[in-house]
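Enquirer: Single-letter residue listing:
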Amino acid sequence: MSNPTEPQDPYGAQPPSGGYGAQPPAGGGGGYGAPPPPPAYGAAPGGGYGTEKNSLGVWALVLGIVGVLCCGLGFIFGIPALIVGGKSKEAARNGQANNGGLGQAGVVLGWIAIAFSVLWLIYVFALGGLAAFNDGFSATTY
Amino acid sequence: MTLTDSDPEAAARAPRGRGRRGRAGALAAPLGVGAGLLAAGAVLAVRSPHDSGSYGFCPILLLTGGACPGCGGLRSVHELTQLDIAGAAGYNLLVVIAAPLAVLGWGLWIARAAGWLRHQRRLPPALPWVSLVLLLAFGALRNVPALRPLLTPWLGP
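Quick note, the sequences are listed as chains A and B, same order. Take the first sequence: its letter number 34 is residue 34 in this note's numbering, and every next letter is one higher. Position in the second sequence (from 1) plus 1000 gives the number in this note's numbering.
In case anyone wonders, no lab produced these hints; they're calculated from the structure. Each hint should be verified, as a subset may be incorrect.
To be verified - Using C-beta positions, here's what the derived DEER-type ranges look like: (1) B/L1063 to A/A126: 15 to 25 Å; (2) B/A1140 to A/R93: 33 to 43 Å; (3) B/W1129 to A/E90: 16 to 26 Å; (4) B/G1025 to A/A115: 28 to 38 Å.
What you are looking at is a predicted structure, and each value in this text was computed from that prediction instead of being measured. Cβ coordinates follow ideal geometry from the N, Cα and C atoms, glycine included.
Next comes chain A alone, as it looks inside the complex (with noise of 0.2 Å):
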C-alpha cells in the first residue's frame, strides 16, 4: 500500500498447483500451472514476478495472525513477523515474489501484537494489574 508499483495479487497465496483453466492472464512469464521455477540465482531484479521466496509472505501474515491472537507475549511472533514481512517486502521489490501484500500485512499484524503486549505488560507490571488480579485468580501465570 506504501508502494503502488507493487503487484498486489490477492491471489498469491494460492499454491501453484490451482487450476488450469481458471487463471487469470496475469502479466509475466510464469503460469499458475507450471512448477515452480528453481530458485534462479541469477535473476535480473525487477525482471518478471517469480514466486520463489511467496512462502515469506505466508510465513510473515501466519506469524502476525499468531502473535495477535496469542497472549500478551506477542512480541515473541510479532518480531519475527516484522523481520520476515519485511524480506518478503525485499522478496517482492526484487521480483522473487508476488504476494508482498501478505508481507505488508505481517509487518502490520506484528507492529500490532508488539503494541498490544507491551501495553499489556505495562498495565500489568507498572500499573498495578498484577496487585489486582493476584487476589482473586490464582491459576493464572503462563
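Given the structure of chain A, go ahead and fit chain B onto it with the hints provided.
Expert: Chain B only, in chain A's frame:
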C-alpha cells in the same frame, strides 16, 4: 569473512545469493536466536513461572476464562528444563511437541547458513498454514469440557 573472501572456491560452492555477507555474517542470525532462546530457557529454569503472576498474566485466560494455545507454555518450558517431560506435557502439550522440532529446525538453519547442506530444500509451502490450524485447533480443543482434564488439567473444571 576472511575465510570466504580469501577462498573463492568456497564462495563458489555456496552460491546462496548473499554474496557480500560472508559465512560468519550468515551464521550471526541463527546463533543469535539460539543464544536468546537459551538465555530465555535459563531464566525460566531459575525463576519459576509457577508463582502466580511472576511473569504476568495471559490476557485471554484472564478475560475469557479459557486457556489460549500458549497458556501453560512458560511452566511447560520450566518443567522441560527440569527434564520432567510428562509434567511439561500436562501444562502445554504443544510446547512439548514443538520443542524438539524447533531444535531440529534450528540445527538445519545453522547447517544451511554454514553451507553444510549440499542440497537446499525448501520448507513445504503449506507448513505455515498447517501450523496455524494446529495452533488454533489446540486452543479450541483444550477448552472443550470433555478434553480439558486431558489437555488443560491445571485449569480445573
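Enquirer: If you test the structure against every hint from before, which numbers come out violated?
Expert: Structure breaks no hint.
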